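Asks: Given next are the chains, with one letter for each unit.
8 protein chains.
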Amino acid sequence: MDLRELLEGVKDNNLDIEDALLKLKNLPYEDLGYANIDHHREIRNGYPEVIYCEGKSDEHILGIIEKMNEKGSNILGTRCRKETFDKVKEVYNHAEYEALSKILKIQNHDIVNVGKGKVLVVTGGTSDMSVADEAYYTCKFLGNEVDKIYDVGVAGIHRLLNRIPALQEARVIIAVAGMEGALPSVLGGLVDVPVIAVPTSVGYGANFGGLSALLTMLNSCASGISVVNIDNGFGAGYLAAMINKLK
Amino acid sequence: MDLRELLEGVKDNNLDIEDALLKLKNLPYEDLGYANIDHHREIRNGYPEVIYCEGKSDEHILGIIEKMNEKGSNILGTRCRKETFDKVKEVYNHAEYEALSKILKIQNHDIVNVGKGKVLVVTGGTSDMSVADEAYYTCKFLGNEVDKIYDVGVAGIHRLLNRIPALQEARVIIAVAGMEGALPSVLGGLVDVPVIAVPTSVGYGANFGGLSALLTMLNSCASGISVVNIDNGFGAGYLAAMINKLK
Amino acid sequence: MDLRELLEGVKDNNLDIEDALLKLKNLPYEDLGYANIDHHREIRNGYPEVIYCEGKSDEHILGIIEKMNEKGSNILGTRCRKETFDKVKEVYNHAEYEALSKILKIQNHDIVNVGKGKVLVVTGGTSDMSVADEAYYTCKFLGNEVDKIYDVGVAGIHRLLNRIPALQEARVIIAVAGMEGALPSVLGGLVDVPVIAVPTSVGYGANFGGLSALLTMLNSCASGISVVNIDNGFGAGYLAAMINKLK
Amino acid sequence: MDLRELLEGVKDNNLDIEDALLKLKNLPYEDLGYANIDHHREIRNGYPEVIYCEGKSDEHILGIIEKMNEKGSNILGTRCRKETFDKVKEVYNHAEYEALSKILKIQNHDIVNVGKGKVLVVTGGTSDMSVADEAYYTCKFLGNEVDKIYDVGVAGIHRLLNRIPALQEARVIIAVAGMEGALPSVLGGLVDVPVIAVPTSVGYGANFGGLSALLTMLNSCASGISVVNIDNGFGAGYLAAMINKLK
Amino acid sequence: MDLRELLEGVKDNNLDIEDALLKLKNLPYEDLGYANIDHHREIRNGYPEVIYCEGKSDEHILGIIEKMNEKGSNILGTRCRKETFDKVKEVYNHAEYEALSKILKIQNHDIVNVGKGKVLVVTGGTSDMSVADEAYYTCKFLGNEVDKIYDVGVAGIHRLLNRIPALQEARVIIAVAGMEGALPSVLGGLVDVPVIAVPTSVGYGANFGGLSALLTMLNSCASGISVVNIDNGFGAGYLAAMINKLK
Amino acid sequence: MDLRELLEGVKDNNLDIEDALLKLKNLPYEDLGYANIDHHREIRNGYPEVIYCEGKSDEHILGIIEKMNEKGSNILGTRCRKETFDKVKEVYNHAEYEALSKILKIQNHDIVNVGKGKVLVVTGGTSDMSVADEAYYTCKFLGNEVDKIYDVGVAGIHRLLNRIPALQEARVIIAVAGMEGALPSVLGGLVDVPVIAVPTSVGYGANFGGLSALLTMLNSCASGISVVNIDNGFGAGYLAAMINKLK
Amino acid sequence: MDLRELLEGVKDNNLDIEDALLKLKNLPYEDLGYANIDHHREIRNGYPEVIYCEGKSDEHILGIIEKMNEKGSNILGTRCRKETFDKVKEVYNHAEYEALSKILKIQNHDIVNVGKGKVLVVTGGTSDMSVADEAYYTCKFLGNEVDKIYDVGVAGIHRLLNRIPALQEARVIIAVAGMEGALPSVLGGLVDVPVIAVPTSVGYGANFGGLSALLTMLNSCASGISVVNIDNGFGAGYLAAMINKLK
Amino acid sequence: MDLRELLEGVKDNNLDIEDALLKLKNLPYEDLGYANIDHHREIRNGYPEVIYCEGKSDEHILGIIEKMNEKGSNILGTRCRKETFDKVKEVYNHAEYEALSKILKIQNHDIVNVGKGKVLVVTGGTSDMSVADEAYYTCKFLGNEVDKIYDVGVAGIHRLLNRIPALQEARVIIAVAGMEGALPSVLGGLVDVPVIAVPTSVGYGANFGGLSALLTMLNSCASGISVVNIDNGFGAGYLAAMINKLK
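Chains as they are written, first to last, in our numbering: chain A, 1 to 247; chain B, 1 to 247; chain C, 1 to 247; chain D, 1 to 247; chain E, 1 to 247; chain F, 1 to 247; chain G, 1 to 247; chain H, 1 to 247.
Extracted from the complex, chain A is given alone in its bound form:
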């Protein structure tokens, strides 16, 4: 589409070839040397930018935020250290922080609800909350109505069965569980909507940093389940938003 427009510009002599080449190169990304920022993502798909903060220096994070802020984007940062947030807060007074899930938010304009239904975040235990909250806040930030039901793991199945009505109201479910990670399997049999399974590294011994829950989820007998990386609350929240936006 854009490519055709550009070609037509070239054909009609409205666009110089050198300019066209330049456009192809420079338009989509702003190169900071250490990072390439994708400014047209928000235009393209209505989603604001997201910065994965882990492994980036404070200086780099601040640099990226500066460029994004110039465009007036809403900004979401995941895995943001408290110390980094404090430095960001000094510059951007309206920045907010969710301590448990380490989410940084800078809201420059209203969030429009683009989801068509409700997203539900469910956890097996209390200890899965930080990952679940990452999914919860990501999904809300991307314009969705989101609910949560926590600590309803399968070892006390009635806790889950008591919530069937709420489960069946959701359009997409995010199931977060550590240890044996069996929650998505049971959920998958109770509902008829997509279940996004998030294994967490919660547990000890032979859980091997979440591998146990990951394998359980991948091997689920239930249909309609797919899996994201261990502790990847962000990925689950983003995917849920994407599914919930489908017309």
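Keep in mind the hints are simulated off the structure, nothing from the lab. Computed from a predicted model, the values in this text were never measured in an experiment. Just so you know, not all the hints are guaranteed correct.
[Stated by the list, open to error] Calculated cross-link-like contacts (lysine to any residue; reagent style SDA-like; alpha-carbon spacing at most 20 Å):
| no. | chain 1 | residue 1 | chain 2 | residue 2 |
| --- | --- | --- | --- | --- |
| 1 | B | K87 | B | E66 |
| 2 | A | K148 | D | D16 |
| 3 | D | K140 | H | G33 |
| 4 | D | K82 | H | G33 |
| 5 | B | K11 | D | D16 |
| 6 | G | K67 | G | N93 |
Assemble chains B, C, D, E, F, G and H onto chain A, guided by the hints.
Replies: Frame of chain A, contents of chains B, C, D, E, F, G and H only:
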């Protein structure tokens, strides 16, 4: 809902307590001793039954088919040995078989298109076809329009870029890849719809039966990707159908 | 106890020192060169001998049976090839064979019921039957009343919930499951008796020969669960018998 | 049973349908938002509640204790940080702490001995004590007579053989071992009661955080052995109590 | 060659046998007890010495530098702690330090450009910079013209496609990537020069310390790719220099 | 370059926009439905096409060969089953087969030597020959002078030291080894040219299908070494050719 | 020593330089192209040659035997297929074969007992016999008095304790065990001589092809134990011979 | 032997049965509750006691030392924290500490040389020193003459070849190496004495805490090599002493 109805029946003396208990036990599943068949699934969610044939004896498979056929259901069997199909064919003359993907089909009534958009199955290589076809036939069987683009792996990125229009038309994409399994990552950056990643066990050496592709997909930097089990074409097809059915 | 008796025999000159040394060495085991048979096990704990046939030559298996048969023991062989059984059958006409679980039985005297309650064997799927049957026949052979409920995996939780009365009647439960292996966790929350979890190698892809189910079971949040080796139906049946025999 | 009673209440108009639905939902668990507490467990099976403290914030732990204390339950907390205990102690003056095993206890009423025999905790080495003590205190807390024999690993087999009389007195044995983890195998051959094997992460190099001992125990040739998760002293103590309670 | 010369010396009586034996032993390496320094490497292949600092005490590192400095060599230290550098700096005032990549340099003479083309270092993300810089500085130190393009991972494929001209100018490419590590596969399809793939430990969850990226790279479908150890920027830089020097 | 030409064609009205779009899509690859063939590779980089036969049906392989043969390309097939070759031979009488390395060759025109030096293939043992030969024939096919030295593993170091002159003559070395895989480390210390290490799955026990040799090679202390996938003789041969072609 | 002699030969003009170089290169190994045979091993250390037959073609094995037979060496082949032996037997009528351990022997001269004590081979189970026999025959072939005690695994510890006198007579012990592999640990505590531990792949489920026994042995608490590769009976026999020969 | 003496004592009425039972139980080990000390080891095999300090509290270590000191034994502690040593030093003024290898020594009487030859400790790199020193000091403490050659890894093979005379003088060699761990393979081909291989966790990336070196050593093609646990310098030193003591 059903529970309330049942309770009201009990209250109004229209339903005997022993009968109510029996109903609760016997309605949903038919117990063959070696298998419990879920007849109300099709009523509940519009999807016919699916039999996972691997590890079941021919005798058991035939027994399950018989019970399901009695109800007039459409029947899908995955991972069905050719020899098993031959035995099924003797009894059910209208049974069909897809040799590459080992899919068994018994169509007892028309398949209604319930999907709201198009599902697209994409593979990295020619060798991923059997898994991709399992997804393709499953998804069609569940009432979807499905297209396929095969052998467009990332090591020849132009093969994929040439197909961008087709990619951007899809409502859900199933990305099937073995070896390094990088296809979903690149796809995820090109489209704004959910990408269901299916790692395959295709490859050799340090691919460790598909582990390599599985890890790649789980660790994808792209957003909107989730993963099913290695070689699980059925699971991907089913999930795609579920997402595509969302109103 | 025996040691004291022996020492007293020595002290009272009723037992020669050389004889005492010999006794200590030779009594408990009969050495066939390739195998040491424990004849006093049946006397000691009421359990007949069990032969693990895998990896033993037919010749060795026949040799061991011969020695045990001489004592009139009941004989159980696990993982017995059909061809081996045929050779055994030629010599011991009353030998029996369970084809699915590969169990060989030679019953030389009545089996006395020594269990104090009922043992229940439960499976997640139809494909777990061979392992479950190994547990079932082992446990019966060791003198227990045993029931079975098959194909009640957690992805269709109502199949399991329908059976709660039967579950709650058992004194020990053996839970056999492959794939995601979540059955024991749910069971553990429904009953208050020991649950012996048996992971099976049933499944494909990232189940890694049963590793997936094994890790799930080890990481179970439910209390009262312990795990035996992958596909080790025999071990589960034996342990169930041992617990069920406790006064 | 309870379900029948409830249904009869409904039938006899002693119980309103809405009330009945409410009862089914709200009775068993108290939902704190971050946790669902199972108050009827103690009524159901005579066992007090247990809180797994790892991964829970002090605030959450205090909240859970508060609700449980209101019911007058005895409370056991495992993997409790010293700092958390100190905060608990400020509020509940009768709280106690076992430093080595990180066990928190709040005893609100006498512990009744419900075990029918003696439970014995055995370790391979001195370094396995913290895990062994977790099993020891859990099992005592659940109403059992418990003994311990520590540092009798198989590399000095006479240390173990010297204790045979004590071993043979036990009704259930918990065998705790790290490094090569061979203790349960030898024990399994010496006694005729269930042996619960607990691998510990004690060791270095190729013990891979307890994997070495775990695999050893799962692969044991001895009969009557089952395994719990690495370092899971609590799970072993709980299961031992459950077996020892069997009538 | 040298051996022949030495033999001729012995034959012509110009060289005593004991001396010859001594020469054979002592010439190539200088033995410090804790380290053997290879002084003739620079003469042999034009490359200065490199010290891998991790796991060596400051004392040992200083000892090795002293011996090398005596010969007037250029000295490169990798994985050098900041504290170690500070101690080195006290003695050798012209020592330099690259903080991100932990590179220590002592330049005692000019670096001669021996490379025949340009080496290009490319990264998938901002977080891969420390490893990429290790490659960059190593390769420069060994006498090469080196460029870098950072943060052009495959999830935003246009970032990479925009740089095709720069990519195609290089004689050797070093591709550094963590997470899914798909960058080298795409690069391998775009260029016709050797691609040295460096997996990094950047990521979380199922990336298992870089294993994910490592397996991806080893299983690449693209031709002309080879892999060095996880985070081994030095190794990649050294190999690139070696290839670039080929006449 | 090509893109500019195409753009100029569009600008000068020599090229219709629709045609330009078509060209961009259809030129480089010929789509057979199950495979996309890259015909311009030979023009682009002087290398003929290579077919990885494993996992492809005979029908697909024949289809691909047919299309490539039409263009008069030289054709190399790796991992080709003998039965497949026999079918190919029926159609293409001049097809050749290397049984040990399972290489299929159809030479339609002379192979031009494009390498600038000699490539040397070295193996640790006799059993590594099939992988080494795959490298050898691939590299020759791509226009290189190739030598081989087999069975000179490090456990008999003099076998290797005796060949130093031959080793030092090579411009690129391919080192193939299974079991402990230490050959490349020693080689890397003896020569100053790139060493491409190929781990093989030769061995037993704890070699885990080549993992042992793979890890050894990745962890090599020697400089100038990089690694390809287990048993990937083709990849090593191709890379060696690419390096040897560098001007 | 030899080097000095050679140097003296050169000095005294008894040895030409070119000859000396040739000698250094050609003496020790005979190069068959696919194999380098070490003829001087027998002279050097009194041990005959050993051929590892796995992965070698019959043609290559026969070629190696021919060259060794010419020198009149005793020849040992391990992992020799029965079919290979049959071909060898046709040419060398005095060749012998041990079917269980797949050992091929061609005895061309008497075996001299060079061991200073007795070597003892002990196994945990009957199924470990093939590996144990490989150790047994290797060690005898290398000139040692060897005894065996089979099926004395630790799950029936008295079988082992009954044999203490025999155990304490040995100068070196080879302990062969699969499954949990705990035999060497117990042995190590009973004797004061070196114990060579050989893990076997005997077992199933979580033994992972012998990994379980391997880890057990590596993590043994007992002193004086070292480990060889899984199923490596040959390696254990060879090492035992080497230790037993020590003066 | 001792058993016979005891039996004779009983027979001759020199020993009361109760006393005999007591002797059997209490003689060999002194039970401190948390530890069983083996006092008769020194009498039995001439070796003093060794305490593995890791995972033991200071209090327990001091308790064990006290009991051993009472008997006048020489005492060796491995993996001893500096802080622990300081506390020990306060009580036992003649205690000594080797900081690099964390060895604690309390010498209460002269060490007698019981070794029959020389033990040699060789390392691949400087970073392997701490493990190598643990072997060195253990072996000396057990009465052996020990030499060391450090930093002679295979990537610079001449460093090793220069030391052949020293290597060939040793009766037992301990080869310590991290990273690729190839040192023992090369050594095994150069000498005819037992080589004890010690993998170290030195390295990074895909060395996986020493797994890489461990697998290399287990898969060595060289004969006469066996392996101890990763970083287990003590185990290697003890085994070397045991072999060197063999008459």
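Asks: Which of the stated hints cannot be reconciled with the structure, identified by number in ascending sequence?
Replies: 2 and 4
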